[in-house]
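Spelled out from the first residue to the last, the chains are:
Protein chains: 2
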Amino acid sequence: MSNISNSSSMTSSDVSPGESLKLVIVCVGLPARGKSYITKKLQRYFNWSQFNTKIFNVGNTRREKHTGPSEVPVLGPISNNCNTAPKKQEKSTENRHIGTSTTHDASFFDSSNKENLKLREKWAKETLNRLLDYLQYEDGNVGIFDATNTTKNRRKWIVETVTSRMKGSAKILFLESICTDGELIEKNIHLKLMGPDYRSMKPKLALEDFRNRLRNYESVYETIDEIEEMENQKYDVQYVKIINAGKKITSYNISGYLSSQCVFFLLNFNLTDRQIWLTPNGETEDDVRHIIGGDSDLSTNGWKFAKALPKFIARKRQEFNLRQLNKQFVKNSDFFSFHNGPHIEQKFNVWTSTLKRTNETAQYFSHNEYQMKSFRMLNDICYGSLDSSKDYDFRIDHFDEYYNMIQNKLSYRFPGLGGESYLDLISRLRPIIIELERCKEHVLLISHRVVIRVLLCYFMDLSKEMLTELDVHHGYIYCIEPKPYGLDLKIWQYDETTDDFYEVDEIELMKRKRKRLSLSVDNEYKPVLKSCNSNAAVDESYASDDDDETKIQKEPSITDIKQYQKVFCERSDSQCYEFMDSNTGKERSEKSNVEKNSDTKSISDKPLEKAINTPDVQDKLDEQISSILANKELVSRLKEASYIDNMYSHNGSLVIFKYFVGRRK
Amino acid sequence: MSNISNSSSMTSSDVSPGESLKLVIVCVGLPARGKSYITKKLQRYFNWSQFNTKIFNVGNTRREKHTGPSEVPVLGPISNNCNTAPKKQEKSTENRHIGTSTTHDASFFDSSNKENLKLREKWAKETLNRLLDYLQYEDGNVGIFDATNTTKNRRKWIVETVTSRMKGSAKILFLESICTDGELIEKNIHLKLMGPDYRSMKPKLALEDFRNRLRNYESVYETIDEIEEMENQKYDVQYVKIINAGKKITSYNISGYLSSQCVFFLLNFNLTDRQIWLTPNGETEDDVRHIIGGDSDLSTNGWKFAKALPKFIARKRQEFNLRQLNKQFVKNSDFFSFHNGPHIEQKFNVWTSTLKRTNETAQYFSHNEYQMKSFRMLNDICYGSLDSSKDYDFRIDHFDEYYNMIQNKLSYRFPGLGGESYLDLISRLRPIIIELERCKEHVLLISHRVVIRVLLCYFMDLSKEMLTELDVHHGYIYCIEPKPYGLDLKIWQYDETTDDFYEVDEIELMKRKRKRLSLSVDNEYKPVLKSCNSNAAVDESYASDDDDETKIQKEPSITDIKQYQKVFCERSDSQCYEFMDSNTGKERSEKSNVEKNSDTKSISDKPLEKAINTPDVQDKLDEQISSILANKELVSRLKEASYIDNMYSHNGSLVIFKYFVGRRK
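Line order of the protein sequences matches chains A and B.
Sequential numbering from 0 applies to the first sequence in numbering that gives the first Met the number 0.
Sequential numbering from 0 applies to the second sequence in numbering that gives the first Met the number 0.
Source of the hints: derived by calculation from the structure; they are not laboratory data.
Keep in mind that the hints are not guaranteed to be accurate.
No distinction is drawn between identical chains; accordingly, a pair holds when it is met within one copy or between any pair of copies.
[What the hints assert, rightly or not] Pairs of lysine-lysine, DSBU-like flavour, derived with a Cα cap of 30 Å: (1) K166 <-> K247; (2) K166 <-> K346; (3) K233 <-> K186; (4) K233 <-> K482; (5) K389 <-> K326; (6) K40 <-> K439; (7) K247 <-> K439; (8) K310 <-> K326; (9) K233 <-> K326; (10) K155 <-> K247; (11) K346 <-> K233; (12) K39 <-> K247; (13) K186 <-> K326; (14) K155 <-> K439; (15) K439 <-> K166; (16) K372 <-> K166; (17) K166 <-> K246; (18) K233 <-> K439; (19) K39 <-> K166; (20) K510 <-> K39; (21) K155 <-> K166; (22) K246 <-> K155; (23) K246 <-> K39; (24) K151 <-> K40.
Whole structure, please, built from the sequences with the hints as guidance.
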């Protein structure tokens, strides 16, 4: 019915007009004013939005250069951010840069100490140059210059350096963080003492030293004022001032997509203690039948999950409230919570997509206690003309599509009407992210596995790869709590037998990629991918459930993990070879003219039999299989890329092994 | 293939969480600070986003009460906005409130004049109460209190009044407009003199009077400061300060979806002289075949249009540049342009959807001179499972869907995979609106008729009805220029015979609704809608083209306008009657069990013949037709609703006439 092709060469799914998309964000502000918190949030948002963003920290350059005790006091700006370019979320600051502790004490930051001027400037210059290299020669869109930059002179130097090097191809945005709320500053200072400069120092000494350091900075601090606005006019400099963690925001001269997005994002974040819950819909009838997309009802298991969910959430909600109430009695028990004021129970929102399976999963929530709302934006990725097809059929009947998808996981757009790519999904989910950042109430988001995957990648700052590869399953529920030092993640798994939820290791789970099967072609030169028994070991790939085989136990044992499913293809030929060898950049060069063999379908039932009838075809095949297996380099590369775990020749077929993590029913 | 139903009871297509969506925006600022410009823009944006918004202007209340010369000087705040709730775009201020000119001169606004205090407060109170009524008892989401509100006392009174009446169900956002740029103020003052208070006064006197009025206000003006921040803390009051038309923006305590949207919108508008061009794709092969949706190539006519387009745009671009250059020589020739600085030619962007038909329409633009980009957001409305169906088949085979659509034009969502509603479309287009407001460069947007319709409704502030009903055709190109007093719209029509574009009357065109045909049911009790000749006079409805019959001449003559197409249905019965009578709220009550007659298809070729074979069916039919025609009230209501223009009985059929505006080939 749908003959629409979306294979337009222009696939931008994002509003980002032709203007130059390079931005230098320059931090301004005293230490312990939440600069690093803000820049890290921005970095996460931009990277997730597919604008490559890195933080360049002068403090790190200083520490890099002086891993031992400092002898040369230097007025280099400093911040608590350790990584020049933190790519992955880290659970705590404790693990960072072990062994690179420094002892730059307060005297080091004394502004009257003139002798180190040159060295200090050299480090700042080095850091800024690295940032500009990133924008100019690498694929960087946003470089964040994380330092105090508290003097007009320093800022003037930055503006001139950026302008002369980038020649107008990058905009400059100063991001000044001001804090007039004493309590907030105190908290930030305590966070600071956990940072790299003070980790090895005694708390009391560290506090004293840091306060001295602050005084040194305060003595020279110049905020961005109207005179500077005028002076910077010719450079078209923009700024945004964030006062008291976003309570008040002043923006000046904002233009350009990235700057506008930056200010909008800063306008919407908040520090309220709250929980963001994410879970995919319960298992559906289509899942059981390995059908992707669609709009089917929940399966029996799905309904069971739907019934258990409200009870679990109610319990967790109560626990959260108790924790908050407790804080009022034991003051400062949770020092790193932003708000110690009287706890008023927040409202609890349940957001679903508009599809049946999420609405059914939310069905047992009481409308009196939960605010229900469904969003089209939370719908599953649209599979276009492949919607409602069996997930293995998709890979067999639409081999070109599957091949394309594997090659361009992020930008691959499903063909036909409405078909979406992961990039489209990110674009569609951006308003949801803004809403989740803005919302001060609890939210439980019941959506689809693809959507949950993309949202988790935002919150946990996972890599580009994980946007399409993170393992997300039915029955898992993720709880995110914003904290001053980042985010806390907890994960529970629903167990059908006990009808209850069990906590699982979130660090392990956030690293786990879903398994993808290898591909091959059948004896009609059509791709075939079949498991060796009826318990089809299909990959989770897109939306259809991955059977009980891939369900993860709380503590999977070695035998569980190594339990495998045999996967084989009836035939393998040059096409198969060439596809598998796609890393070399060779393309599939030939299309067979051999007619489709009507036997193909029946083959799946008697797998390890030969599907090839004519002897000369078989000979050619055997030869090819031998040549594939003989190519040790190819085999090892395939293993490395985790396309396969093992393969060998059996009865004239190339048999491919894939190991599946999990247990069998 | 697609068996997805989107008929979820929850159809919200917008991110607007469960929180109360009521907002009181309170203007603060001296006269001639662009308050009305900003509030009108906000009103337009919110209304288009389907948040009902009205401006309540104290100056209007004052003028309403005193249409004659004033005897009682009053210090009521004033603004140049005349309409308490301007719903439609107006081309110039000249046409407004003719005959209600007032002569409240400067002494009227003297703050030392104590005697009128009571009366002044009464008017402000009346206006604020009207606003709160709108939020509380009507369907209002946002009420804008447009007045100067320049004193702390006045603002305190507002906060207390709103809080005590709304009891926390509405948030308060102060919107202070500050102007320190002398040139900008001068321009605003000159605009002011065209307003209702000064229209009938001599320019020089008016200017003097207005300056005195300004001085009176300046003497008591108190900006929102930190003390007021503190005082208003318990009321959770938010504010945003716009300094020099958005150059600098300070926001305080912003929370809530509407406030956040408001600030984001204000962050992104700009006053640069530029052009926004909108045009639907050229005619496609699917259009010729009356197929909706799809992704076909352009037709011969479509390619002709695509070739002509870049030449036309290049000419218009040159004209624009000449105009801008001219301004530099004849200073102040265009006093109402914001920027008189040296003109630098802007870049010109061409934005398309990702579908073939828009990319093909853009194909002849030079990539050197134009910045090309395609956006998925600009794609046609998604017809879901009805995609690629013939548009009359849709109305016949999916009568329920069509019925639903006619009943709920805005919220009706096409069934099946990815199917969208107009509300979904608005939600999808919002980032495009923000980009168009933010962009300082020229943009030509080549999209689809439905999308162009929705975008035009935003820019021209058209009514809710026009969102689905505005007449938009292939070959039309709309040019929008932002001006200090609003927007300038010009429209050109492509003429294939001369291969050139001609300007058409934009006022007439912005009022014109597309024609929708009446509906009926066939002799199998299935709805049928057919034209009496092969030149099918189908309505434009959704995406399929409406033939040459409906193309509009530059100056259509009476005979052209009255040229009509006969439209008839083979049979009419009680279902027809009930559908047509849907205004009464009656629903279609019966479904026929009669089997589908295979003759139906062939009937269309020999239209005015009887489709009914059995005499008793014919008798029943004749009776029903007579009863329909006898119901004078029904007939006149159908005519009023422009479902039909005329109808009569002919050879046992009910013949319905629809007039089409335009000429035949």
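Hint check results:
1. K166 <-> K247: between (33 Å within a copy, 25 Å between copies)
2. K166 <-> K346: between (50 Å within a copy, 18 Å between copies)
3. K233 <-> K186: between (39 Å within a copy, 24 Å between copies)
4. K233 <-> K482: between (40 Å within a copy, 26 Å between copies)
5. K389 <-> K326: Answer is neither: 52 Å inside a copy and 65 Å across each miss the 30 Å cutoff.
6. K40 <-> K439: So K40 and K439 pass the 30 Å test inside a copy (17 Å) and across (28 Å) alike.
7. K247 <-> K439: Both. Shortest intra-copy (17 Å) and inter-copy (27 Å) distances satisfy the 30 Å Cα cut-off.
8. K310 <-> K326: So K310 and K326 pass the 30 Å test inside one copy only (25 Å; across, 70 Å).
9. K233 <-> K326: Classified as between; 23 Å across copies, 51 Å inside a copy.
10. K155 <-> K247: Classified as both: same-chain Cα gap 25 Å, cross-chain 20 Å, threshold 30 Å.
11. K346 <-> K233: Between copies only: 20 Å across chains, 49 Å inside a chain, cut-off 30 Å.
12. K39 <-> K247: Both ways: K39 and K247 sit 20 Å apart in one copy and 25 Å across, limit 30 Å.
13. K186 <-> K326: within (15 Å within a copy, 57 Å between copies)
14. K155 <-> K439: between (39 Å within a copy, 27 Å between copies)
15. K439 <-> K166: between (42 Å within a copy, 20 Å between copies)
16. K372 <-> K166: between (48 Å within a copy, 24 Å between copies)
17. K166 <-> K246: between (35 Å within a copy, 23 Å between copies)
18. K233 <-> K439: Intra 40 Å, inter 18 Å, cutoff 30 Å: inter-copy only.
19. K39 <-> K166: Intra 27 Å, inter 39 Å, cutoff 30 Å: intra-copy only.
20. K510 <-> K39: within (20 Å within a copy, 51 Å between copies)
21. K155 <-> K166: Intra 16 Å, inter 50 Å, cutoff 30 Å: intra-copy only.
22. K246 <-> K155: both (28 Å within a copy, 21 Å between copies)
23. K246 <-> K39: both (19 Å within a copy, 27 Å between copies)
24. K151 <-> K40: Within one copy, since 26 Å is at most 30 Å while 37 Å is not.
Comparing the model with each earlier hint shows a violation of hint 5 alone; every other hint is respected.
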